[in-house]
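Visitor: Here's the letter readout for the chains.
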Amino acid sequence: MTRNQQLSSDMLKGTLDMMILRTLTTGDAHGHTIAKVIERSSEDVLEVEQGSLYPALHRLENRGWLASYWGASENNRKAKYYRLTQAGRRRLTLEAGRWRRMARAIALVMGEHTGEKVTEGGTE
Amino acid sequence: MNPLRFFRRRRQDADLDREIAAHMEAERAENMARGFSGEEAERRARIKFGSERRVHEELWQQNSFAFLEGILRDFKYALRSLTKSSGFAVTVVLIMALGIGANTAVFSVMNAVLLKSLPVADPGRVFYLYIDGQPDGASNTGDSDSSFSWPVYDALRRQDHALSDVMAYVPLSNDGKVAVRFGNSAEVAEGDMVSGNFFSSLGVHIARGRGFSAQDEAQHAPVIVLSYNYWSRRFSRSPDVLGSTFYIKGVPLTVVGIAAEGFEGTEAGNSVDFWIPLQSRRELNAWGTPAVDGKTYLAQPNWWCLRLLARLAPGISQKQALAQTQTVLAQAAFIGINPRPGQKPPVLTLHPAKAFPGYEEQYGMPLKMMMAMVALVLLIALSNVAMLLIARNASRQREFSVRLSLGAGSMQLLRQLLAESAVLVAAAGALSWFFAGVGTHALAHWAQIDSSLAPDTTALSFTLAVLVLAALFFGLAPLHVSLAGGTGLALRSASAVLNRSAGNSRSARVVVALQMALCLTLLVAAGLLVRTLSNLQNTPLGFKSNGLVAFGINPQQARTVNESIAFYQRLLGSLRALPGVEAVSLSENRPGSGWSNNDGVPMIDGHKPPNSDGEQGLIRLNNVGPDFFHTLGIPILAGRDFADADTRHAAGVAIVNQTFAQRFLPNQDPVGHNIGKRDWTQHAQIVGVVKDHKYTGITEHTIPMLWMPYTHANTVGEMHVEMRVAGDALAILPVAQNAVRQIDPDLPLLQPMLQQEQFERSISQQILFARLAECFGLLAIALVATGIYGTLAYRVARRTAEIGVRMALGAQRSQVVWMVLRGSLWLTLIGLVAGAPLVILMSHYLASALYQVKPFDAITYVAAILGLALVALIASLLPALRAARLDPVQALRTE
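Chains as they are written, first to last, in this note's numbering: chain A, 1 to 124; chain B, 125 to 1019.
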């Protein structure tokens, strides 16, 4: 039980990391903007708990995939901006590729072949 | 991952705070834009964000090393808990540091003196040559079993089968130092004359310049190699020294090399400052002895004065080498000597160069005894530390149990105890390094090992390791008990815990009894040695040593005996004229220095005197100046003192001591008798008899003595001036130096000191030995007192409730005191009895180091036993009185 939860949260962490990296390809942004962009571009399906974004941001920064600086936000308040580094870009390419293969594989499994397999299994 | 993040956590946390604040502000602004009221906008933003706390915690953990953090926490806790019981911590650290420090110091010195080998290449193949049975007719300087004549050296080095190299060396002075001059500064330094192969065959590297060659020896080249130490000390390692001129006794020599660092000669304890090739000049004769008839050691084939070292040829065993060399020695030994028919040649032996010669006999026994004493002290210290740790941790068992029941893991408790032990050991280790350093230097100073002696790291790490293991073992032992007892212990009453620790306190009592036994041994040893020292110091010298000052003089310019005598007459004249000087005289061998001319009994009135056979046939001689006995304050029993009138051309005169007169001229007036020997230049008439007094040293047995005027000696070289001065005796030295300079500006005063000090030096070993034993004894008794006090105080504390009950039931205070005391008095008795065999064994071994004290000296024994009993009583009286002062009501309430 504990193990499964751990596993799923690992998976989620991985995808959240990838989405953050993707969001930042369009330009530097602070945490709030990143959360909004992920929400909006997923058509509000992926509504992240905004708090969990920050440990992820710091982790990515510690790994050298993001850099950060303090800048002024749209409403002229000090905010911490994140920027994608070269290493981060490479990481994103890697993660995105893996994700696409995985998505395709899942799609294949979940696609029209599913029925056949079941019937085949049934006929036997 | 950057480990520095660990230390930046606090700043990052503050950063995160601001970041989150910015986020909330943005979200709230957005919500307000959507039309929510301020409060609602804030609420929604908070819901959307989730727990701020969790974000903080997650990030904090991300940047943590759980392990490191745990260790840091453990150490903080350990420091806190040790500061809370700082008395305990300081005691344990001090005990450990003293134990380790003393042990390391003694071991380091012992290692340097007894175990360290010569710093030469392949020392296993290098041997000192020794002989048994110097031929009759040989004259000798140095130790008779390790001196060789020039012809023997020459013959030995010519053989080339057994020994690949034979190296010779001989000091330039018989009291260590010779007068040297560099530039304008005259001073003294220690130097050896050596064979040409000395450095190359020993395998001693030359740090700068060059060493010597066979050619240097053959041509007696005026070149000199300085020791690295002397070069550093005297010349601050200036490279300009190479090639410059250095005067030894006024003879100019060129500095050609600096020997390798750490090489300070081939005799332990002497640190040689320079070496020169074997010389043929009269000024540079072996041992600084004046050349007889202008002949140096090279031309005196019967003078055995060179010391020899040899390196075995490859593939030759020690036995083979001896067999082959013995025949060479047998032939060469009688060169220059008319052997009696059937006289046996000396027998050669080899002593490994692994150990410095002569050191084993001189310092071996004292150092080993000291090592044994230190071991005893260390044992007492160790058991004390163990007891303190056991007592402290036993009293913490409830604490451990409470913490276990509150959810602490056994691992956490273990780590904490480890951390405490580590803090204690680290502090003790640092302090012991300091103690070891101080101790080693003090000991090395005593043993007169000038070579740079540092605490031995192996010894230090070894003792430290033993203590670490002990600290770990005893520090962790209570944990085992607590874990076995489990959490239940927390809920039980103290008296229940008391039963549990009964076993502990029994072992503690055994340890205390053992400590008593060891301590008694040390105290008796210290007592015996202190009594020996006081006997030595109270031994009458037989002359007035107060106000008497002595220094050596070596007239370098004097070439003949007459010139020397003229020099000394002039010197005596100018010294006598100095203000405050009451009397001045000269002696060839300075009293108390250990040097003496020994000889067989001369003919008296042309006959062999009675009582002069065997061991009684040895007399000591000294050549002295006018007024010698008057200057030293030695009573003249009959006849007269030497006078200025006893010149070289005056009639031969001699003075004898009481023992001489009584033994060889019994029942008659010795004055007027004639003494002489076939080879003496002239006969002498006894003109005086003086009272017996000490000559070579304090421990010397009275021996027949004979004095002659120095003016009648065959050779006159270095002499020692004795001055009796009114007032501050040492203050005369600079004045005397000035007077000497006016005669010869190059002459330094050699080894100037009070005559009293000269005699004290002859017992310096006993002084230090006794002082150290005293220190060890005091240390031991202090440790034992701490041990007794600690155990009893702890037991009283544990029995507070019980004592309260007893007193509530009517026990008198005196009964309580007796109850506590009784136990420790029994322990003392048991300890004393158990110590008896150890004390007897120790006294037996110590016997040879004692002077006028029997190994089973009743006073010492009684004093040691009473002293120990008294200390035990005082140490136990304190907790006993505390127990008696308990308020029963208060005591019962502590439950």
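FYI, nobody ran anything at the bench for these hints, they're computed from the structure.
Please note that the accuracy of each hint is not assured.
[Unchecked claim] Computed cross-link-like contacts, DSBU-like style, restricted to lysine-lysine with a CA-CA straight-line distance of at most 35 Å:
(1) Lys172/B - Lys36/A
(2) Lys78/A - Lys172/B
(3) Lys443/B - Lys668/B
[Stated by the list, open to error] With beta-carbon atoms standing in for the labels, derived distance ranges:
(4) Glu49/A - Arg129/B: 16 to 26 Å
(5) Leu203/B - Ile106/A: 33 to 43 Å
(6) Gln536/B - Glu49/A: 26 to 36 Å
[Said to hold, decoys possible] Residues from chain B that keep clear of chain A, each with C-beta distances beyond 12 Å, as calculated:
(7) His147
(8) Ala150
(9) Glu151
(10) Gln186
(11) Val471
(12) Leu593
Each residue gets a CB set at the ideal place from its N, CA and C atoms; glycine is no exception.
Visitor: Now tell me, hint by hint, if it's right for this structure.
Guide: Here is how each hint holds up against the structure:
About 11 Å separates the Cα atoms of Lys172/B and Lys36/A, which keeps this hinted pair within 35 Å; it holds. At most 35 Å may separate the alpha-carbon atoms for a hinted pair to count; Lys78/A and Lys172/B meet this at roughly 21 Å. Distance hint between Lys443/B and Lys668/B is unfulfilled; the C-alpha atoms sit about 54 Å from each other, more than 35 Å. Separated by about 24 Å at the C-beta atoms, Glu49/A and Arg129/B satisfy the suggested range of 16 to 26 Å.
Distance hint for Leu203/B and Ile106/A: a CB-CB separation of about 57 Å, inconsistent with the stated range 33 to 43 Å. Checked against the given bound of 26 to 36 Å, the beta carbons of Gln536/B and Glu49/A, roughly 34 Å apart, stay inside it. Not every C-beta of chain A lies more than 12 Å from that of His147/B, the closest at about 5 Å, which undercuts listing it as non-interface. The claim that Ala150/B lies off the interface is violated: its Cβ sits roughly 4 Å from the closest Cβ of chain A, which falls inside the 12 Å cut-off.
A beta-carbon of chain A comes within 12 Å of the beta-carbon of Glu151/B; the shortest separation is about 6 Å. With a least CB separation of 6 Å from chain A, Gln186/B falls inside the 12 Å interface cut-off, contrary to its annotation. Residue-level check passed: Val471/B sits 83 Å from the nearest beta carbon of chain A, beyond 12 Å. Distance to chain A confirms Leu593/B as a non-interface residue, since its nearest Cβ pair spans about 42 Å, more than 12 Å.
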